[in-house]
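Asker: Below are the chains, spelled out letter by letter.
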Amino acid sequence: MSINKISGCIGCGECVKACPTDVIRLNSKGKAEITYPADCQICHLCRMYCPVDAISITPEKAIPVVVSWG
Amino acid sequence: MSKEFSRRQFLNLSGATLGAAAIASMGMNSGWAHNNKTLPVGDTSVADYSTDVLVIGGGMAGLFAAVKAHDAGAKTLIVSKGRLGSSGQTPFAKGIFSFDAKEAGMSIDEFVNKVSYSAIGTNNPVYTRQVAEHSKARVEELREWGFFDSAIYNKSFMRPINERNIELIERVTITHLVKENDRITGAAGFSIDESKAYFFSAKSVILCTGAGGFKPNGFPINDLTHDGTIMAYNIGAKVTGKEWNDGHPGRSTNPAACYDGWGNMFEQKPSTTSVGIRHDLGMEANVMAYANGNPSQMRPGMNNKSSYSSLKAPYRPEGLQEEQRQSPPPGGDGRDDKRRPPRDGQGPGSDGQRPPQQKAKGKGKGDNGGPPGMGGSIVGGSSAGMAIHKSEGLVPINDKCESNIPGLYAAGDALGSYMAGAIYTQIGSSLAGSAVQGAIAGKAAADYATGQKGSKISSAKKQEIESEIFAPLKREAGYSPAWVTQTLQGIMIPNFVLYVKKESLMKAALAYIEELRDHHMPMLRAADMHELRLAHETRHMIISAEMKLRASLMRKESRCSHYRIDYPDLDNENWEAWINIYKGANGDMQLEKQPFNS
Amino acid sequence: MKNRLRNYNRLLLIAVFILLPGLLYLLGDFPRRTWLKELFSILTIWGFFMMLMQFFLSRGNQKSIRQGHKMSQVIKWHKVLGYVFVSILLLHPFMIVFPRYYESGVTPQDALNTILATTDSNALVLGMVAWCLMLIIGITSIFRNKLGLSYKTWRVIHGVFSIIFIILATIHATNLGRHMSTAMISLIYALATTGVLLILKIYILKPKAPKL
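Protein chains in written order, with this note's numbering: chain A, 1 to 70; chain B, 1001 to 1598; chain C, 2001 to 2212.
Be careful, since some hints might not be right.
[To be verified] Below are the DSSO-like pairs computed for lysine-lysine, each with C-alpha atoms no more than 30 Å apart in a straight line:
no., chain 1, residue 1, chain 2, residue 2
1, A, K17, A, K31
2, A, K29, B, K1196
3, A, K29, C, K2037
4, A, K17, B, K1462
5, A, K5, B, K1155
6, A, K31, B, K1155
7, A, K17, A, K5
8, B, K1556, B, K1583
9, B, K1443, A, K17
10, B, K1196, A, K31
11, A, K31, B, K1037
[To be verified] Derived, one-sided and incomplete: chain A residues facing chain B with beta-carbon distance under 7 Å:
no., residue
12, T21
13, K61
14, V66
No lab work stands behind these hints: they were computed from the structure.
Quick caveat: nothing in here was measured; it's all calculated off a predicted structure.
Even for Gly, the Cβ is constructed at its ideal location relative to N, Cα and C.
Just chain A, same shape as in the assembly (with noise of 0.2 Å):
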């Protein structure tokens, strides 16, 4: 997972403007759901824009990633 867990979600919305892949979504409870993983970049901006630090973020992209030499 790139976006692990959002708890305490309050659902303000924040999370889905600062992120700049659209990874995000409010849900039909109004709440902040991972809609799209596969195109999370793990920036971070989504955590530093919540204003209740309910996002949490590991470094593992949700797909296989392709790189130049490894």
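Assemble the complex: chain A is given as a structure, and chains B and C must be docked to it using the hints.
Answerer: For chains B and C alone, kept in the frame of chain A given last:
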């Protein structure tokens, strides 16, 4: 028994379906498949806007473009794919160059000459001078808005916008520039929140759309796919700089974790940088890895030409040796160059001297960081598909950020201004350059708009564009954009295709890219608005990949951040020139040379 | 005998309102954060359970209490714990944003503004209403003697406000709480429901009973 069997069969099937769904939801699998639309078909609406100056993009360039266009008296509107100050590369740029002749101990002329020397002539001195002349004024304005008070920029960016009541539309992806009667008349795109097309009629348009890459791992540019460049190319604009490469490396452990890879840089407040001219390639590590294998095993002192084995090292101007890691300048360390966070060679653990566990110090005050154990060896291509800042984008026809399309301007990384040349020269100039060029383009676009009569986008044009925008949504089946993007990455990122270039490999890659262009691009599907955005981004990346390969094939020499194993030397006789790309009359990609300084 | 019962009751209270929530907090699958944030979290959780405990340290629970305790002692604890939990819960919005002071994201002030501006979240608005109600309950308790109300009137108002408050606060906490596992939510609902029933019993059942 048959009952039992069918039950088991059912369980197996449902298990398989669940598995496939899980994989598909992660963007893998499912190349060609039925389009499982989540939106009601045909249920699309249209929004119309009209303005004098349309600014596309909400980063540093877009901010200043909008502010200065407004201040010059034009009705101004900003439209951004994401949030103002929280999309593109701007949020991660932490150092901004501020030229002060007294402090620098050198005149602007000396500064420009030094940059030109390091850039081996690839820079455009007009724009190099501009950044030195105006950076301080822009920095002061930013300071007033509170830019230096926070590590996140939305609040400070919103201040001048709110004060001026500038209209701002966020979360709308622009996909088309509109040209009618040989001049720009606006732009069009769609909202990612509802199935709505957006049309903006404008007298002039400023592209502040940044650069782009192939959604690489390890660099926070996955929302940048050269959108502006390709939209402009599609209506006849000239594009330059596609052969240059940003060579930032990444970490082999969790290479996609940009935040972790950059230590605590993303958490830092921005600061200013003063004169410090380098010749940072980022390429050298890639060339060395090609020659010797992963250079993370290197020891200090090995970083010299002898370690390239039989390969010829990229040319480096005398006196500009690769920076040895030293105590960081004030406001320095990785953040000294904002947008390309760790300088080349000093990136996430790229120089052999930095222990890979830089992570430890990275965490700073925040918590929530990744688990320990980041680091490890180094891999290339963290910014794959991106060129040197300001070296790739629209070709300016003057010093006002104007393109060859009347009314179309570009600023920042969307403009191929060659402000710093085709190599990293002045630290922190990337962010400063975006601010400076944004301001200049804003004023120029406003001046242009005053002389124009307003013209609406014609309804025929609107219909044509609307159907193009929504086409992937309407397809019953097609290729998933995520899969095509992964295929593109598989062609363009491994094997040093763009780092250690050679004709045969690039031709092979080009053949494959042409296949994606001709056979996959027209058949991309989208189930929802998010996927629709991915589909358009994928289109742009495919065209950009073609440009990069064609330009790299054409430049038969090595210079700055373009390195060819089959032409490793500088060729000043033939190649004191930039390469411009434009769409020919028959729709084919055309390439031409433009001599330096012309 | 009385002593044993008293001790038993105390242990039961401690077990249900302190140890059990603490255990659920520890067992829950939640990302651990800095010690300051964890401290604030557990304080808030205990504050919330202390609030729930109030309903059991009241006249509503007389039947159980009378067997081993002096009502005056119980009410003394009711007051002490009341002021403690009100302080904690009044502060908890600030405790959520305060750690941002040490971080580089939004400032505590901006975070608080965002929270207050999120009026389209019902659970959050209920929380704000509950917060105000709690403030009123706290103030009317401190200055009960100066209100000019008879004790019985005050007690009715106190009880009614408390019931409204606990309903709002429970919805708020179970919807928005960071550490809300199914077990935690069940525990809160069980205790809150019992608590409310205990109070309702006084006002609804009592009048029907023959006066002594």
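Asker: Going straight from one Cα to the other, do A/K29 and B/K1196 come out at no more than 30 Å?
Answerer: The hint holds at about 23 Å.
Asker: Is A/K17 within 30 Å of B/K1462, Cα to Cα?
Answerer: 28 Å, holds
Asker: Straight-line Cα separation of A/K31 and B/K1155 no greater than 30 Å?
Answerer: 23 Å, holds
Asker: Measure nothing beyond the straight line between the CA atoms of B/K1443 and A/K17; if it is 30 Å or shorter, mark the hint as holding.
Answerer: 29 Å, holds
Asker: Return the status of the interface hint for A/T21: holds when the least beta-carbon distance to chain B is below 7 Å, violated otherwise.
Answerer: With Cβ-Cβ at 5 Å, under 7 Å, it holds.
Asker: Against the 30 Å threshold, does the CA-CA distance of A/K17 and A/K5 hold or violate the hint?
Answerer: 18 Å, holds
Asker: Is it true that the CA of A/K31 sits at most 30 Å from the CA of B/K1037?
Answerer: Judged against 30 Å, a Cα distance of about 23 Å means the pair holds.
Asker: Does the structure keep A/K5 and B/K1155 at a Cα separation of 30 Å or less?
Answerer: 26 Å, holds
Asker: Tell me if the interface restraint on A/V66 is satisfied: Cβ within less than 7 Å of some Cβ in chain B.
Answerer: 4 Å, holds
Asker: Verify the proposed pairing of B/K1556 with B/K1583, using a straight-line Cα cut of 30 Å.
Answerer: OK: B/K1556 and B/K1583 at ~22 Å, within 30 Å.
Asker: Does the structure keep A/K17 and A/K31 at a Cα separation of 30 Å or less?
Answerer: 13 Å, holds
Asker: Check the hint pairing B/K1196 with A/K31 against an upper bound of 30 Å on the C-alpha distance.
Answerer: 23 Å, holds
Hint compliance for this structure: no hint is broken.
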